[in-house]
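**Q** These protein sequences, in sequence, are chains A and B. Residue numbering for the first sequence follows this note's numbering, beginning at 174 and increasing consecutively. Residue numbering for the second sequence follows this note's numbering, beginning at 3 and increasing consecutively.
FYI, nobody ran anything at the bench for these hints, they're computed from the structure. All C-beta atoms in this analysis are idealised placements derived from N, C-alpha and C, irrespective of residue type, glycine included. Misleading hints may appear alongside valid ones.
Claimed, not checked - Which chain A residues face chain B? A few, computed with CB under 7 angstroms, are given here:
(1) 174
(2) 189
(3) 191
(4) 193
(5) 221
(6) 222
(7) 226
(8) 228
(9) 275
(10) 296
(11) 300
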Amino acid sequence: MGLLAKAPEGRVAALLDAEISRPAFTWLRAPEIGSTMVRARAGATGAPFNLGEMTITRCALTLETGEVGHSYIQGRSKADAEVAALVDALMQTAMASRLRETVLEPLEAGMATMKAARAAKAAATKVDFFTMTRGED
Amino acid sequence: MYVAVKGGERAIENAHAWLAEERRGNTDIAELSIAQIREQLSLAVNRVMAEGSLYDPDLAALAIKQARGDLIEAIFLIRAYRTTLPRFGASEPVDTGIMACDRRISATFKDLPGGQVLGPTFDYTHRLLDFKLAADGEVPKAPSRDAETGNVPHVTEFLNREGLIEEAPHDDTPPPDLTREPLEMPADRALRLQALTRADEGFTLGLAYSTQRGYGRNHAFVGELRIGSVPVEMDIPELGFAVEIGEVILTECETVNQFTGSKTEPPQFTRGYGLVFGQTERKAISMALVDRALRWEELGEDNVGAPAQDAEFVLYHADNIQATGFLEHIKLPHYVDFQSELELVRKLRREAGAQQVQEAAE
Chain A
174 MGLLAKAPEG
184 RVAALLDAEI
194 SRPAFTWLRA
204 PEIGSTMVRA
214 RAGATGAPFN
224 LGEMTITRCA
234 LTLETGEVGH
244 SYIQGRSKAD
254 AEVAALVDAL
264 MQTAMASRLR
274 ETVLEPLEAG
284 MATMKAARAA
294 KAAATKVDFF
304 TMTRGED
Chain B
3 MYVAVKGGER
13 AIENAHAWLA
23 EERRGNTDIA
33 ELSIAQIREQ
43 LSLAVNRVMA
53 EGSLYDPDLA
63 ALAIKQARGD
73 LIEAIFLIRA
83 YRTTLPRFGA
93 SEPVDTGIMA
103 CDRRISATFK
113 DLPGGQVLGP
123 TFDYTHRLLD
133 FKLAADGEVP
143 KAPSRDAETG
153 NVPHVTEFLN
163 REGLIEEAPH
173 DDTPPPDLTR
183 EPLEMPADRA
193 LRLQALTRAD
203 EGFTLGLAYS
213 TQRGYGRNHA
223 FVGELRIGSV
233 PVEMDIPELG
243 FAVEIGEVIL
253 TECETVNQFT
263 GSKTEPPQFT
273 RGYGLVFGQT
283 ERKAISMALV
293 DRALRWEELG
303 EDNVGAPAQD
313 AEFVLYHADN
323 IQATGFLEHI
333 KLPHYVDFQS
343 ELELVRKLRR
353 EAGAQQVQEA
363 AE
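Work out the full structure: start from the sequences and follow the hints.
**A** Next up, the structure:
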């Protein structure tokens, strides 16, 4: 679910639709936009405080075969929340391993590549100190 | 006497139509898209998210466009929108120790595990206008280098090992929330930190600067400044466990401050804490300095009467939406109020005049 929540907009839908045609489902809770209060800790490790809110979208659905899918994703895309819940439900069916291979793994790889590229740029800005000749020598 | 007046609807409508036209500007110039603002004015977007207290880059970009670049107006729009959202819950406290750092520097230790990582900073630029930006041009690709994996430890952990710095012991007291309960004094640290993280950057900067210049001086060093993304987890009631619901970019600043000790504590370093949405470094450092100044009482320091030590003064004036709301309302029609003032002044002048005439006669 974490992977689906952080996916770039439209990415999960593109991967899923390339693989299967979406099954029928009924809403348990239609997509709804709201917020979550993000908390943090004073001094990083101390008592919690409220840092501010972030937008999230959630929904829940049932497949005709009875599996229930939930999603809570960052942002305000109802279409992304729907497809995330659908994948969550389908992961409980016989299609799980196929979707892991064709949806979740490419998603994970794509996001890992983006993260690694950022980390590599940060690493290039790391300071290598060297000591100059000291004045008194 | 209260006099009801009507009118002005057409003038208001026309003013708003003209506002829309002025917002667009010269139509020969291409219109700005929300994505352009989000990607190319990202520090403005970050400020609007931080002070609007809502993490959503697209909404902040839209607010900046609608507000014609007036960031306080944009923050106002975000705050207003925020109140329309149902709240689904609160996250687990984010763990900045697992931050994927774009930037991480320490002004107190040169060689530290994880190193000094400058990131995309304005520091060490020459502050000369770059006219190349006025012409269209390709941006050269930023160099990259193999990155170390693993978490970057907090600088305060090293000092903690020697017992030289105060601890921030783990605690799970549910924090008060000023968006649900009005901000009242005395405000505990959790409430102060919430108010400071959404406080006006300029006001916070001014107060922090005042502590450096001597109004409640607390000798701050930037022990550590880090910027990067952290995952946000929330307990999902339907599932009964916490899952990642997204990721936010944060700026964290921990100051290390001198402390000569008190009756109960040995001399050691104390800490100020700043944590703000987005890449918002000036604000995070300012927040840490002001947080530290406001902690005088719990650390047993003297109140020297400095503005930054006065929680009521700081917290009640730090919110730019409250401030601008009250400040700007005085430009709205006050005809009846003013009419009564006018009557009063005229009456006082009549009385003073009559007295003078009487004195002259005597």
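**Q** A separate judgement is required for each hint: does it hold in the structure or not?
**A** For each hint, the structure was consulted:
Because the smallest distance between the Cβ of residue 174 (chain A) and any Cβ of chain B comes to about 5 angstroms, under 7 angstroms, the interface hint for this residue holds. The criterion of a C-beta within 7 angstroms of any C-beta in chain B is not met by residue 189 (chain A), whose closest approach is roughly 19 angstroms, and the hint is violated. A cut of 7 angstroms between beta carbons decides the hint on residue 191 (chain A): the least distance to chain B is about 24 angstroms, and the hint is violated. Taking 7 angstroms as the C-beta contact cut-off toward chain B, the hint placing residue 193 (chain A) at the interface is violated, the least distance being around 24 angstroms.
For the restraint placing residue 221 (chain A) at the interface with chain B, the shortest Cβ-Cβ distance is roughly 5 angstroms, inside the 7 angstroms limit, so the hint holds. The restraint placing residue 222 (chain A) at the interface with chain B holds, with a minimum CB-CB distance near 4 angstroms, inside the 7 angstroms limit. Look at residue 226 (chain A): its Cβ gets to within about 5 angstroms of chain B, closer than 7 angstroms, so that hint holds up. For residue 228 (chain A), the suggested interface contact is upheld, since its CB lies about 4 angstroms from the closest CB of chain B, less than 7 angstroms.
For residue 275 (chain A), the interface hint is violated, since its Cβ never comes within 7 angstroms of a Cβ in chain B; the closest pair sits about 21 angstroms apart. Hint on residue 296 (chain A) holds. Least Cβ distance to chain B is approximately 4 angstroms, under the 7 angstroms limit. Interface hint at residue 300 (chain A): satisfied, since its Cβ lies 4 angstroms from the closest Cβ of chain B, which is below the 7 angstroms cut-off.
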